[in-house]
Each structure stands twice: as structure tokens, then as C-alpha cells.
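Could you build all of it, start to finish, from the sequences and the hints given here?
Read off the chains here:
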Amino acid sequence: MSTMQIVGDGFPGLVRAVEESRRGARVEYLEPRLRAGGAMATESFLSPFRFNLGPALVPRPPLPSLHVLEPQLLLDVGGAALTRAALSSGGAPELRSAFALFRGYDPASPEAVAEACAGADDLVLVSGGNGLAVACLLDELVAGGSTVVEGVGDVDPGPVEAEGLGICRLFVGLRSPVRPLRALATAVGFHDERSLLERLEALRDGGPAEPLGFLVSNAHLDANLVEPSLWSCVFQGVLPFSDIDRREYTERVLAALGIDPADVIFRLLWLPQDTGESLMLVSCSGSASS
Amino acid sequence: MREFDVVVVGAGLSGGLPAATYLQKAGARVALVEQGIDAGRFYLSYDLLPGARFDHSPVNFSGLSPAVGDLDLMAHGYSLRIPEVTLAALDDTGASTVFYRDPARTHAQLARHSQADADQLAAIFARLNPAASRLLTCAIYTPHPNQAAYDEAVDLSASILELPRGELERMTGVQLLEGLFESDAVRRFLTALPALNLFGDQLEPGQGALTWLWSLALRAAVAPASNQSLVKALERAFVANGGTLVRNTVVRELLVEAGHCVGAAVSPFGSTKTETLWANGAVISNLGAQQTAAVLGPHAWPQLTEWKSDNRVLTVQDLVLRRPLQLPADVAEAPRVYLVWETWAECVEWLRRSRTDELETYFGDIELTQFHRIYPGRADRVALRVRYGTGPFADADWDARRDAFAERMRGRLEQLDPELSSIVEYEHVATPIDFWRSNAAATHGNPIGGDFVGGQWISERLPYRSPVDRLYLSNGVWPPALSWLAAGYNAATVVADDLGIRDQPWWRHEPASWFAGEAAVPSLA
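Read top to bottom, the protein sequences are chains R and Y. Residues in the first sequence are numbered from 1 upward in steps of one, following our numbering. Residues in the second sequence are numbered from 1 upward in steps of one, following our numbering.
Derived by calculation from the structure, the hints in this document are not laboratory data. Even for Gly, the Cβ is constructed at its ideal location relative to N, Cα and C. Certain hints may be false.
Okay, the calculated bits of chain R under chain Y, using three or more residues with CB under 8 Å as the criterion [to be verified]:
hint, segment
1, 80-88
2, 123-137
3, 143-156
4, 219-228
5, 261-268
If the Cβ cut is set under 10 Å, some of the chain R residues that face chain Y in the computed set are [stated by the list, open to error]:
hint, residue
6, R33
7, L34
8, E43
9, H67
10, E140
11, P159
12, G164
13, G173
14, R247
15, L271
16, Q273
17, D274
18, T275
19, S278
20, V282
What follows is the structure, encoded as C-alpha cells:
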């Protein structure tokens, strides 16, 4: 049996390791970071909740036994709904820029919007969290005779150096639900394509850091909580890569979401320099790039 | 429907996970059911912000466990090192003691308070070190109740302390320290660490004195790749040996037929659909007394359903700072720093009050973990953990207390570093009820979980074998906070004995052998 070494490289690196293992190779998989799988991480921190650190909606992981969900109602933008069916059939053109932003693409770029909406049929939610897909793939590797060691690198290489706009995420845990969410993600700070692009332009021009993004349902991660009244969500927003007062911005987002701070039992804001995610454009080869 | 030899429900670090790993390696076909994505939830690590790494449980004495050698954990990514500075204790007057890996340096620290006390502790260590492995075997890595092992542990302890056995069995921890050490400061600083785990149990006759000594047999260490490497090494050893790790799955019912426990009905996360995991040989519950009783239903027995715990609880405050907290120079080097009482009388009073529900008690003994000393990261993003106990059961009022406790504790830290408020980038407080919300098996809000309990000495613990045939329990070790895989080791021992698979050539390592072989502690000069 041949042995090959693979060092990290996020979820694609892990998938490559599993594919090599399935082909009969023995893999030494070394992960510099605390956990393998890159953005496909699910974390509880020191809270009762589970949060996906990266996008909620992800390409279907290569694990047929994994329980995944295919939400039909993807976005709620000012009362207008974007369904999976409409997206697949080329409908709802006025909501495609919002969907692009939801996926982390730059909605001001027609190429990026097209890229974001292509292949949407294969996007799923992993029941229980994206980290479960990673854990199951690692189990498969180890069961097949490969070895896996995580955390072999430095704690953190340092601040992300980037300019322009990026993705922030505010992870929120509450002791009571906010309100029923009819879609996977609800627009915050804009109500249609025009207002989205205007607000985005204002942010690019150094305007005030008002909440702009989506309230993302965490229902597929909240099952089995000890108290049924517990509820969590993620605000996925857009901010410049610059110093933002975490406390002040968090308070603004909670106010925009209509959340009573007294109900909050966990809150954690990752700024763009923490997520490391720039708004994606489309490269010449057609693959997304930051 | 799937069929196994052994089904283990609950993959806690100390109980279910090592039990499953031992039995799988011994040749049983084992299914390990865990409600979370990962096993060992209360021992995972996390980056609260990139560059600020925390451990759920900021201690690591795992090097004393025979599992490190038995299960070949180093081949599965486990690593450990002993820092040159292990811990420090500091009081409000600025008096301190730093404990080093090098006993000579620790001796010099204690000698600043009392030469006689420094010599006394060195002498105790000189007698303890060669006996530590046997002492841990008899006291912790034995499925109790076992009168012969208990007697040997007490005899060894009496010999180490040079006290008559009968006298030792009547002494509290306080009486022992007062008899051994003349200095107020030495007594306080040697109480700081066990006090945060054992609280007022140190006032129990016999139990208090013995547990103080047994906690000295531990050796603090750190895992360079994060504490969760212990969890991951166990997970991978289990899976590599052919074990079936059923992640993200909830136990609905333990199945009992004709008086035998025969399996578990389980459901995937978020689903009501159930699957039966049949167990031909044994079912091990790591769910704690209350949860085990709930899933056993009418088959639960009185001792299980009536099991009461008065375990004390911890609150945890995570801070991300823009620079390290200002501490006295020698103390600042320590990964863990205990802020303790100004006098021995205050310490004794705190131990007494820790058995009550007085919230003020929280601010008596405070543990700081300076994670940047363990996991060096960004200079402008320093991870600091503040832990404090004790208090009442996880009642519903904790959400209302959260902010008040955080503010009060910040005030305490500002006494050390007046600029604290300007260097806090992020803060989160996890209260006892949050731990219970994280895992209902952590009934009393302790991140250690399970049915661990104070005031119930070895012989009164829940036994590993239960009144239901083929049902075993894996969370019954004293002292609970110091067990280090012992609950699972003992449960696996009992089950392997009953299945006739205990005699394995690899299952022979002694406790503390890792320290003896891999990380030898320098002898006192």
C-alpha cells in the first residue's frame, strides 16, 4: 500500500485525502489548524449551541450516509421569497444578487452573481452541523488505515491582510426564540436589489458600519437542546476589513434583529479579519477567488 | 438494527470514550454513541477568536493514566509536555509561591515562607514519588468498592505522611496541613488547587486528608497541540481498532429484556426515527445517574433514582485581551495562577462556606489560566480563562446573575491590572446552567459532568456493575475531578473480566508510567 502525506488545505484537502484512501492509498493527514476541514467547521465555543463557522449552505459532502437537508425557501428579501426551484429554473432575477451575497460573492459583479447561482441544486444543509461531515470523513480515513493529526501548526499565523469588503458573522444564542423564520436566510438592512447595491456601495465608500446581511436560521443545529426554548442564529454580514468596535456593532445588529439583549446568553462576533473571507469575485478560469 | 458485543452510551473523556477504546482493543465489537459531533465535549479546545485558543478544561493530568501506554495514544496524535513553571498562587497582599517542574526551585520558593515547610514538602515528595504509581492504582485505577485496594491506598498514604493509619483516617485536610506545615502562606498555597476541585470535601474526616495527598500525586502538564489532542487520540485509537463511533446521536432508551440489558434505542440528531443497537455482552452507561435512570425507565433501581448530589459548581469567564494581564514577574510566567485568601483562617472559613449556597463564596479562590503561556499565538490577542466556584445547583437565576458576576470579577482583576477595561477585546461568561444546557448529564453544572458528587467517599459510590444484568456504569471514581480516564478504565476492567477478555499483553501499564518514561521529573537536588 502506498503512503502519501497531505497537509491541511481545508475541506478540499480532506476530500482529496479520502479519495486517495478510497483508491487504496494510506494517507498521513496533518492539519496545522485546531480542526481539519477549513471553513466546514462547527463550533460550540463555551455555549450550549452549535454554530457553523463558515457558510450554512454548502456543496453536498461526498458521504452518502450523511443526513442533509435541502431547504426550499432560501431567502426572504423584504417579503419576497427566493425558492430553490426558482433559482434552478432561472427565475427571480431580482433576488439573485442577494443570493450571491448570501454565498459570499460580490453582488455588484454580474459574473460573481452568475457563479454564485450556478450549481445551486447541489447546495445542502448538513443536519447537526458542517463539522459532522468533517468528523465522518476523518473516521473513514482512520478506519481505512490512515493517520490523522490535527493542531500541528501555530495557533494563528496573524491578522488577515486584506482590503475592501468581507464577511463577518455574529453567533448568537438566546434563551427564547426571536420570531419564526420562514426562509433559511432573511435579509437585514436591505429590502431589494437596489437597496442592497446602494448600501454596499456606501460601505465601500467608508460609510457607517450599519448592519447589512442576513439573519441565518440555525434550526438544523438547534435540535435536541436541553431546553426547547433555547434558540440560536447567525447574522452573516458585510463589513470592511478595518477596525470595528465589536461591542458597538454587536449591539447594532441585535437591535436590527429585534433581539432583547436580556435574552442573549451567548454572543460572539467574528469580523472579516477573523473569518478571512473577502467578498468573492470570479477569476478568469471561472472559479471563485477572493 | 445493528449488533455489537458492547454498546457504550455517552462518549465522555473520562468514562465512555476510554471504556469503549479499551474494550474494542481487547477484541470486543463496540459501538460508542455520542450526542455531540465529537466525543469528550468538556475536554475540547476552541479558538474563540483566531489566535486566542482556549481549552474547555484547562488542566491536563492525563500523563498519569495507564491508557497513554495501553492504548498507544502517542501513535494517534497525543502529545504532552511538562512546563518549567506549573502553577502559582498569589494573595491580595502580593505574597506568592510559584511551583516549578524543578523541585529545587519550588523548595526555594517555599523556603521564603518557611525553611521547615520547604523541607517537609520535599520529604513528602521523596516518599510519594516512588509510591505514586501504586497509590494511584489502589485509590483510583481500581474498580471500587474493593476493600483490599482501599486498605493498601490508606496504608501507603499513612507511610508517606509518616502518620498512624488510624489518625490519618480521622483527619480533615485542614488538620493535616496544620499538622504538617507551620507557615500560614504554605498552607494556603498548597490548598489553592485542590480547593477548586474538592471544595469543602477537604473538611471531611479521613477523606479530606487522603484526597489532599492523592492530589499531590498528580503532575500538571500541557498539550502543545491543545488539550483536545487527548480526545482525538482516543477517538482515533477506537476507530483505528475497528470501533463504530455513532456520532450526533441521542439515546432514547436502554433496552432490558428478561432482566438483561440488551442494547439501546437511539435516534440521529434532530430525528425521532429510532434504531436499535443490540449488545450481546454489555451496555455501559456514561450518562450519569439521573439520565441513566431516565432512559432505563421502570428498570431503574432505587439507588439510581434516589441518587443525590451536592456537587459544587463552577462559573467560567473567558476573556480575550489585547495584552497579557499584569501580574508580578515570577507569577506571570505560570500557565495557571490562583488568587487566594489572605490568611489561613480565611481559607478554612471559605472551605466551610463552600458547602453552603452563599454566592459570595465564589470570589474566594479564583483560578486564572493564561493560555498564551500554553499556546503562544498573537501578541495582541491573549486568551485568559477565569474560573471560580462554588455555589448552588444550576438554578434558573443564573442568566440574571451572569452580568453581575462578570462585573464583580472584572473588578477583582482590576486590582491586579487597573487598565483591564481598556484591554478587553471580548468576554463571555458561562454559568453553571450553561453547562447543564450543554449536556444534561452535567446535572450539577460542573463541566466534569456525570453524577460526580461531594461527600460520598469511595465505598459509597455507584458501583460499576449494576443490579440490571449486563448493564454497567462508567462514572464512579473518587476524587472525581482527578480521575483522568479512570472511570472508563475501571468500567472496561469490569466488563472485560465478565466477558473473559481482560488478559491482554498490552493492558499492563502502570499509572504515572508516562511521566516515569517520557517526561521524568527531575529529582530534588
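Each hint, compared with the structure:
no. : hint    : result
1   : 80-88   : violated (count 0)
2   : 123-137 : holds (count 7)
3   : 143-156 : holds (count 11)
4   : 219-228 : holds (count 6)
5   : 261-268 : holds (count 4)
6   : R33     : 8 Å, holds
7   : L34     : 6 Å, holds
8   : E43     : 6 Å, holds
9   : H67     : 6 Å, holds
10  : E140    : 9 Å, holds
11  : P159    : 7 Å, holds
12  : G164    : 19 Å, violated
13  : G173    : 9 Å, holds
14  : R247    : 9 Å, holds
15  : L271    : 9 Å, holds
16  : Q273    : 8 Å, holds
17  : D274    : 5 Å, holds
18  : T275    : 9 Å, holds
19  : S278    : 15 Å, violated
20  : V282    : 27 Å, violated
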